[in-house]
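Chemist: Turn these sequences into a full structure, and let the hints guide you.
Going down the list, the protein sequences come from chains S and Z. Counted the way this note's numbering counts, the first sequence spans residues 1 to 300. Counted the way this note's numbering counts, the second sequence spans residues 1 to 349.
Treat each hint with caution, since some may be false.
[To be verified] Pair ranges (Cβ atoms, derived):
#, chain 1, residue 1, chain 2, residue 2, range
1, Z, 313, S, 107, 53 to 61 Å
2, Z, 20, S, 131, 52 to 60 Å
3, Z, 17, S, 294, 44 to 52 Å
4, S, 213, Z, 20, 35 to 43 Å
5, Z, 17, S, 218, 37 to 45 Å
6, S, 103, Z, 71, 16 to 24 Å
7, S, 87, Z, 163, 26 to 34 Å
8, Z, 305, S, 286, 54 to 62 Å
[Unchecked claim] Below, a list of computed lysine-lysine pairs in the PhoX-like style, where the Cα atoms sit at most 25 Å apart:
#, chain 1, residue 1, chain 2, residue 2
9, Z, 151, S, 205
10, Z, 94, Z, 104
11, S, 205, Z, 107
12, Z, 3, S, 205
Read the hints as simulated data drawn from the structure, not as lab findings. These numbers come from a predicted model, not from an experiment. Glycine included, C-beta positions come from ideal geometry on N, C-alpha and C.
Here's the letter readout for the chains.
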Amino acid sequence: MTQARHDMNRRRERLRVILQLTPILAVLFVLFGGALVLAVLQSLGFAPWFGVNTFPDFSYFGALWSSASFWWSLGLTLYYATVSTVIALVLAVLLALALIKAFPGKTFYKYLYKLPLMIPYTVGIALAVLMLSNGGMLSRLAAFAGLIDDPGQFPQILKTHYGWGIIAVYVWKQVPFITLAVYAVLLGIGRETEEAAAILGADRKTIFFRVTLPQILPGIVSSTLICFAFNVGAFEAPFILGGGFPDTLPVVAWRYFNDADYTLQLQGMATVVSIGLVSGVILFAYLAAYRRYEMNMGRN
Amino acid sequence: MTKVQLSGVRKLFGTFTAIENIDLTIESGELVALLGPSGCGKTTTLRMVAGLEAPTSGEIMFDDKDVSHLPVQDRNVGMVFQRYALFPHMTVEKNVAFGLSVRKVPKAEIEERLAEILDVVQLSGFRHRFPAQLSGGQMQRVAIARTLITKPSVLMMDEPLANLDTKLRGEMRRFIRNLQQRFGITTIFVTHDQVEAMELADRVAVIFDGHLAQYDTPDTLYRQPHSTDVADFMGAGNLFAARLAAPDRAETAFGTLRVAPREDLRTGEEIDVVLREEAIDMLDRPDAATHQALSGEIVARDFFGANVNYTVVCGDARLSVSEQSRRLLDVGSTVWLDIPPDRIWLMSR
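Modeler: The following block contains the structure:
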């Protein structure tokens, strides 16, 4: 008798929890789960609204992955994303370390460095075109200073597969973001552990690598994770500033979506899902490596 | 063992003067407290001795050698921070060994000295713990071990007892005292708490607004402060203006006091008198044998367990009297106060 009542109470309790969670679960499903499921279904040949339904059909992935250009595109995508994240990280850590110190005009500078955060990527791309292209500000200034005879002789920065223009835009936009995250962590840990290390005889290099860096690592990992994921999936910068074929994967996907033959949208979806898979695997590996590092230090 | 000397030390931060001018000698093996209200410059003084700040002018000397501009890494001092500043990402053993490993001491020697110092601070069983897994007292002992393992010539501590609860406080006080005597290491600590300064230090340097106000043993500071500021900071409750009517008589707002004559004070001089709360005897009936003839009325009673504090209105003044709570007198009762003349401290203005 009492056992039965106990069971009923537990069931009622569980039902109450599920009901309370329903709103957030619904939002999560519609926003993330739904879109993801739909993308995967489409890439596997399920698109009855186009009159295509060959589900499950792996030929879209097959076609994509067997072409050499896909791998070129993947390489370029990862190259731009990695190089710009690494450069932004190094600059941001240096900037954050500088911002911790007192210097004249610090308040003004603390506003100034955040400026790119408020300016959209497209404006940044336009700025890159204005500044860095042949015929842009830098080339004209170089010609004016007599370094080159004609602005046209300025080295090609944009629209090459080295992607310096793309990298410049990403770095310009993401340095403030990573700086903000690292600076906040630095403020939180304070100067004391560094001072303690100095008194114990450590030089500046040792202090940075053995005391400061391990403490700001959580901030570095989370902010670079976000930047890298964005850089892998970003479209505008490589589209406008990239070197043309082979394009980065998001640009490839966009070309499929934009094609007059709308059945190519399924190929596009396969590209999108591939981007998701690749960045998912990389981010997961990154987090796992960091987790392992933390475990090695004995933290759980 | 190192003698520490500050001579004419001055420190400016921009236009703000943190230290006006300080001369201070700390003998080798001595335990000295820098005592003062917050913002008085005591921490700045400590940081200058450590080498974290450079004095704007003046000299800091270790054993008569000027170290004012020696980089902090080369100064061979030890510092225990108020919140310990342990490296949160290192275990106790890595924290403690840090100073030796940056000095590139051979592994075997590090291990040996580590075991030895962990034994001294009684933390041998906590080697593999992280700071977050330790109590406040244990963290402080790790911080002390991390410092002592490098054999510093001067040990510095910032508010060593401030973050500990009452029971641990007594324990740590004895621990620090023993350690300091065992290693004979010159020790300087900073505190804003006069009790902490008195219970730990051989000598106390009282600092107000970047000036050294008085530098004496705890009992001298307590009983014979040089100024009303020092007296006030050392917790003197009964501080009154008076006039020296005769070499052995001071006139106050609550009556005439018989005092011990002092050669350095002139008759007729305006002075301040300090009556320590515990030096006042309170009688419930007049007695012809007393030194003083002061009567008053108890207007308040604060009970603290072992002690009880009374506020007594006496003439135009309110005196506070502290006694052990062997008896309790009622608010409203009339009492007679007696103070031996030699327990009354006089200060010229």
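Chemist: Taking the earlier hints as the rules, which of them does this structure contradict?
Modeler: 7, 12
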